[in-house]
Amino acid sequence: MKLILKSSLLILLLVSAAAAQTNRKERADEVQRLSRATQVFSEIMKTPDKGIPEDLLDKAECVAIVPGLKKGAFIVGARYGKGLAMCRRPGRRWSAPSFLTVEGGNIGFQIGGSSTDVVMLIMNKEGMNKLIGDKFTIGGDASAAAGPVGRRTSAETNIRLDAQILTYSRSKGLFAGISLDGSVVKQDKDDNRDFYGKEMDARVILFSDEVPIPAEAKALAAALSRESPRKK
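Numbering (the working numbering), first residue to last: 1161 to 1392.
You may find that some hints are simply not true.
As the list claims (entries may be wrong) - Each pair of labels, with its calculated beta carbon distance range: (1) Gly-1342 to Arg-1363: 32 to 38 Å; (2) Arg-1312 to Glu-1286: 21 to 27 Å; (3) Arg-1312 to Arg-1353: 39 to 45 Å; (4) Asp-1215 to Gly-1251: 28 to 34 Å; (5) Asp-1361 to Gly-1228: 24 to 30 Å; (6) Gly-1333 to Pro-1374: 27 to 33 Å; (7) Asn-1289 to Arg-1353: 18 to 24 Å; (8) Ser-1195 to Arg-1353: 17 to 23 Å; (9) Ser-1275 to Lys-1206: 16 to 22 Å; (10) Pro-1374 to Pro-1250: 32 to 38 Å; (11) Asp-1301 to Arg-1386: 29 to 35 Å; (12) Arg-1363 to Asp-1218: 22 to 28 Å; (13) Arg-1253 to Ser-1195: 19 to 25 Å.
No lab work stands behind these hints, which were simulated from the structure alone.
A virtual CB, placed ideally from N, CA and C, is assigned to each residue, including glycine.
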């Protein structure tokens, strides 16, 4: 009897260890994506004359970053890139990250280069509501515009500030506003499950205090806070 109990306990320990190892491997991609997103954002903002205007970033409700979005496979539904979004909570604290994908549209013909970093500013509640849905089409379900570049916005760009989403890209070292009309943004439920270890909805991740910001996302949250420090 004791031998059976010992054998059963050993099996349970081995199964638990294997499950933990699998979870670490599944989570590794998301952790790497967070690190890369932090690097992308920090590099863009180190050149303020060519980066995202501070006043626009300060007004943004959420920021989505897709590091290394790939060019190619110009077919409907083709997956172009994986990224993540973080939103402001009360007190302007940044939320935990919710993972997403960008598919289709005309971006492959516009961005140039083999790999491009994409940044999206979600500017208002309407855009936020689109972000937490299962999917939305940029320029269709959600109004969008190519974001202006520079330290601050100017009067000439005000016509674009009614857009729910402002979109940017960086390719071959060049950073600019770009139209992503026709691209589909989806919640990546598989990545959220891998990262958090259970099924998680974007609404809960981004807007609920039930989900504390994980250690792996604190560097990105700090970078976002540095670049948009003012209080509303």
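Structure-based check of each hint:
1. In this structure, Gly-1342 and Arg-1363 break the distance hint of 32 to 38 Å, their C-beta atoms being roughly 25 Å apart.
2. Separated by about 24 Å at the C-beta atoms, Arg-1312 and Glu-1286 satisfy the suggested range of 21 to 27 Å.
3. Under the hint 39 to 45 Å, the C-beta atoms of Arg-1312 and Arg-1353, about 40 Å apart, fit the expected range.
4. Roughly 20 Å separates the CB atoms of Asp-1215 and Gly-1251, a value that falls outside the hinted 28 to 34 Å.
5. Here the CB-CB span from Asp-1361 to Gly-1228 is close to 26 Å, well matched to the stated 24 to 30 Å.
6. Taken as a hint, the range 27 to 33 Å holds for the pair Gly-1333 and Pro-1374, whose Cβ atoms sit roughly 31 Å apart.
7. Separated by about 23 Å at the C-beta atoms, Asn-1289 and Arg-1353 satisfy the suggested range of 18 to 24 Å.
8. Remark: the range hint 17 to 23 Å for Ser-1195 to Arg-1353 is upheld by a beta-carbon distance near 20 Å.
9. Taking the beta carbon of each, Ser-1275 and Lys-1206 are about 20 Å apart, inside 16 to 22 Å as hinted.
10. About 19 Å separates the C-beta atoms of Pro-1374 and Pro-1250, a value inconsistent with the hinted range of 32 to 38 Å.
11. As the Cβ distance of Asp-1301 to Arg-1386 is approximately 32 Å, the hint placing it in 29 to 35 Å holds.
12. At roughly 24 Å, the beta carbons of Arg-1363 and Asp-1218 sit within the given window of 22 to 28 Å.
13. Distance hint check: the CB atoms of Arg-1253 and Ser-1195 are about 21 Å apart, consistent with the given range 19 to 25 Å.
Comparing the model with each numbered hint stated earlier shows that hints 1, 4 and 10 do not hold.
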